[in-house]
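Start from chain A and add chain B according to the hints.
Protein chains in written order, with our numbering: chain A, 1 to 336; chain B, 1 to 88.
Calculated from the structure, these hints are not laboratory results. One or more of the hints may lead you astray.
Each computed DSSO-like pair below joins lysine-lysine, with the alpha-carbon atoms no more than 27 angstroms apart [what the hints assert, rightly or not]:
no., chain 1, residue 1, chain 2, residue 2
1, A, K10, B, K5
2, A, K198, A, K132
3, B, K37, A, K168
4, B, K5, A, K168
5, B, K4, A, K168
6, A, K283, B, K30
7, B, K37, A, K198
8, B, K24, A, K168
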Amino acid sequence: MDINSKSIIKNSNITVKFFYENTRDRFGLKLISEEVGFEREILDQNLHRPGLALAGFVELFSSKRVQLFGNTEMRFIEQLDDNKKLHSLERLFKFDIPCLVISNGNSPTKEMLHLSEKYKIPIFMTDAPTTKTIYLLSDFLDDQFAPRLSMHGSFVDVYGVGMLFVGKSGVGKSEVALDLVERGHRLVADDVVIITKKGEGILMGAGTDLVKHFMEVRGIGIIDVRSMFGVRAIRFQKRLEVVIDLEIWDMDTEYTRTGLDDSTQDIMGIKIPYVKLPIVPGKNITVISEIIALNYLLKHYGYDAPKVFRDKLSAKIKEKNRTTKRTIDYFEHDFE
Amino acid sequence: MLEKKVVIVNDAGLHTRPAATIVKLAAKYKSDLFIIKDGLEINGKSIIGVMTLAAEKGSELILRFDGEDEEQAAEEIIDYFKRGFDEM
Chain A
1 MDINSKSIIK NSNITVKFFY ENTRDRFGLK LISEEVGFER EILDQNLHRP GLALAGFVEL
61 FSSKRVQLFG NTEMRFIEQL DDNKKLHSLE RLFKFDIPCL VISNGNSPTK EMLHLSEKYK
121 IPIFMTDAPT TKTIYLLSDF LDDQFAPRLS MHGSFVDVYG VGMLFVGKSG VGKSEVALDL
181 VERGHRLVAD DVVIITKKGE GILMGAGTDL VKHFMEVRGI GIIDVRSMFG VRAIRFQKRL
241 EVVIDLEIWD MDTEYTRTGL DDSTQDIMGI KIPYVKLPIV PGKNITVISE IIALNYLLKH
301 YGYDAPKVFR DKLSAKIKEK NRTTKRTIDY FEHDFE
Chain B
1 MLEKKVVIVN DAGLHTRPAA TIVKLAAKYK SDLFIIKDGL EINGKSIIGV MTLAAEKGSE
61 LILRFDGEDE EQAAEEIIDY FKRGFDEM
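Here chain B stands alone, though its shape is the one from the complex:
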């Protein structure tokens, strides 16, 4: 299991388009992805779940990867967060 903290850096926050991308990226891997914000824990492979977070710019999320390919999954998904969902 792997836990990493990420911060939302783009102005629009985690809206529909990046949420869809995250779910797509997560679905590529066998590992589970859970995202936690203010105690709310959701499944990162569910688009409704990811959008429920309504994460605004500057908010902190904890990503929890669990599974055989967690390292690769973490690398790709965290990189996507760092790039500001390609909106910077």
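Here chain A stands alone, though its shape is the one from the complex:
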């Protein structure tokens, strides 16, 4: 399977309006200035505490970031005399900064409100402590600026393992997903799966807002899994943990036999366990998928069946005077 790196999308900016609307209810951000500069753009996912800029050092000032005023910044301004207050703050406002956030329940000074009006830069405040504000806002901004990718496949939560089925059109991805749903597993998305890189080493998958849990079954048409199977059959998001590549069995392809070498698939720089699964008549892909999920869980909890078997074999080879024995040496009289 090849993933086209060209199709990775990354937000290059979000507007202050979007930022405010999404953080208002989640993190309790309040608008404290007039409603100005909402069309301003945030171009960087990091926050900046402008302590040094306030003190006068603006050479490396990260003006494209959301500026966070914690206790330190506010106390610093408050102890300046009125003239210096305005001067020091104006130095900051003259840069094209997107917006100001004041944390820890501090109130803006009258100079800040005046400059907000003058330069059309909005000021928000929150009662949350500064470190918590940094954590919450960074996480939100990281997510907004995270690289994402749309993939063609079916994404299902099988025993809590996020499995993405990929493969050619018509190979039966949706049918496997439907079969898994029927057996009590949960559909995340079918056909179009948006994969987002969340933090280091984590990929999250979700559907699109339009499609949600609709799917197409060839020969039937479009069905709605949520209406049909209810809320227990779906979920909105899931971490991507295993990629299963379905393909019609090919004589010339080598499929894994022992499972000792783990193949992985690189998606946006993150290696995800990858299984190439040949489809042959009489093979129940759904059951195999459940087995893959259980095997993944076993490995996750420290039991790796191929390795355990390998070690047993090595021990056996070292044994002297050995013969192939039955599991039970003597059946006694228990013929069950």
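Same frame as chain A, now just chain B:
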């Protein structure tokens, strides 16, 4: 691989009926078809995929054909776009 830009010209945009036709046309060929709109890339052989684009009149799409019969596939499918999905 072949990449072509197309514009939606009919008033109703890329709704269910043309989406179904595109998928049918694409399925006739061995080549893969990918459609890209505003960075969202979908498989042109999947009806849900094509409808996900929700492409309105005037929107620009990039069609990417890849495979042995890409030329013929491109010709037929692009022609269908140009005809405004026979709704003009």
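key: Hints that the structure is at odds with (numbers, increasing)   = When the structure is compared with the hints, none of them turns out to be violated.
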